[in-house]
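Colleague: Listed here are the chains, written in short residue letters.
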Amino acid sequence: MTVDETIRQVLAEHGRLAVPVESLADDTDLFGAGMTSHASVNVMLALEDAFDFEFSEKMLKKSTFESINAIRAGVAEMTGA
Amino acid sequence: MSTPVRTELRVGLDIVAIDEVADSVECFGDRYLLRIFTSHELSCCRRNAGPGGADTWSSESLAGRFAAKEAVMKVLRPVEMQLDWRSIEVHRMTGGWCQIRLSGKAEELAVDAGIDELSVSMSHEATVAAAVVVGWSSHRDRGVA
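Here the protein sequences come in this chain order: A and B.
For the first sequence, our numbering gives the first residue as 5, with consecutive numbering after it.
For the second sequence, our numbering gives the first residue as 27, with consecutive numbering after it.
The following block holds chain B by itself, in its conformation from the complex (with noise of 0.2 Å):
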């Protein structure tokens, strides 16, 4: 007899304020952009200022990245725990749209949770950002039902 399987949908949304994070970027600099979004995020977001120039950065990409990775945590469900930003990443691929790609104890928590799959959308008009998240979890239900 096969082993009952329990699956289980889960949404998280998220929508953050343009504007807020233009103004860490500018209070914060460095300090904010490292401790929140990977290497790959960041290298997304950047504008180039040119030879000479300082990097600036795409607020609303930015943003929509922040909500993608608040939506995770909502998929998620950490309890008494704030997961480290940059074990959730928004991964953009070669065709432009993204993936979630986890590490660490997002990683563990997707792991337990039997979520196998997330999928993410995010857009952003002038002044907000947001994201929606889906996860797919499928439970191998070891014990009576």
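Chain A extracted, bound-state conformation (with noise of 0.2 Å):
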């Protein structure tokens, strides 16, 4: 599975996205989507568990979980690919 495939089956299972996934552009703002707070904290929790890391506490803001591009960019951050 590749990045992208596995961010968005994170978002699918705890994103609690008011849209289906697949409707989702990378830019896509994902609080506007209808990702609460409190999901993006599942969201950040699966993401560790998916990509076997834990994000700094630089990471842990609003806009790290604001789009997939910028999820991408996070894991990418965190797992320095």
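Please keep in mind that the hints were generated in silico from the structure rather than gathered at the bench.
Even for Gly, the Cβ is constructed at its ideal location relative to N, Cα and C.
Certain hints may be false.
Beta-carbon label-pair distances, calculated as ranges [unchecked claim]:
id, chain 1, residue 1, chain 2, residue 2, range
1, B, Asp56, A, Val7, 24 to 30 Å
2, B, Val105, A, Ala29, 48 to 54 Å
3, B, Trp123, A, Thr6, 48 to 54 Å
4, B, Leu60, A, Gly36, 27 to 33 Å
5, B, Ala80, A, Glu17, 41 to 47 Å
6, A, Asp8, B, Gly140, 29 to 35 Å
7, A, Glu17, B, Arg73, 25 to 31 Å
8, B, Ala80, A, Glu58, 23 to 29 Å
Got two chains here, each in a separate frame; can you build the complex from them with the hints?
Modeller: Set out below in structure tokens:
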């Protein structure tokens, strides 16, 4: 499974989005698509499980989880990919 | 001549679905609980299952506290940072009511904003928990009005 596929799977399982994850563009605002602050916590924890790292404190901001592009960048920074 | 004081009332409100919190506890367990809640908050939300039994949690109490933390963030207005949820504690007093206690960056933000008083009220019904937080900010103007 690719990084993008994993991110989309995590969003589908934990993002509680108001729209199907397949309909999201990479730059769609996830909070605008219905993801709540609480759901973003679950997304964060599920990403840590999926990619086997723990987000650093400086990464723990709303903008890290605001879109698939932003999440991909955060994952890349944490995994060094 | 006394220094002018500018006052501002700030209000934060948040609601959380209780089943979302229950799902998070079931899915992520201690990783979720210890990332979000202080030991005091957890002690207030624990339902002891008794000898030999695992602890269970009051999802509505956890959800109310999460809502309170988010409501405090709306009052503190952090820019481009996510405050550590544990730096905002819902502290239950012996009389049963709750107060907000801040530490770390949350406390710094409150000091910078001149917020010296926060008041919280939480409630829940079958499916959702809600919290409202009011902060009173008093800035002592240093310069020209």
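Colleague: What hints, given by number in increasing order, does this structure fail?
Modeller: Checked against the structure, the hints that fail are numbers 2, 5, 6, while the rest are satisfied.
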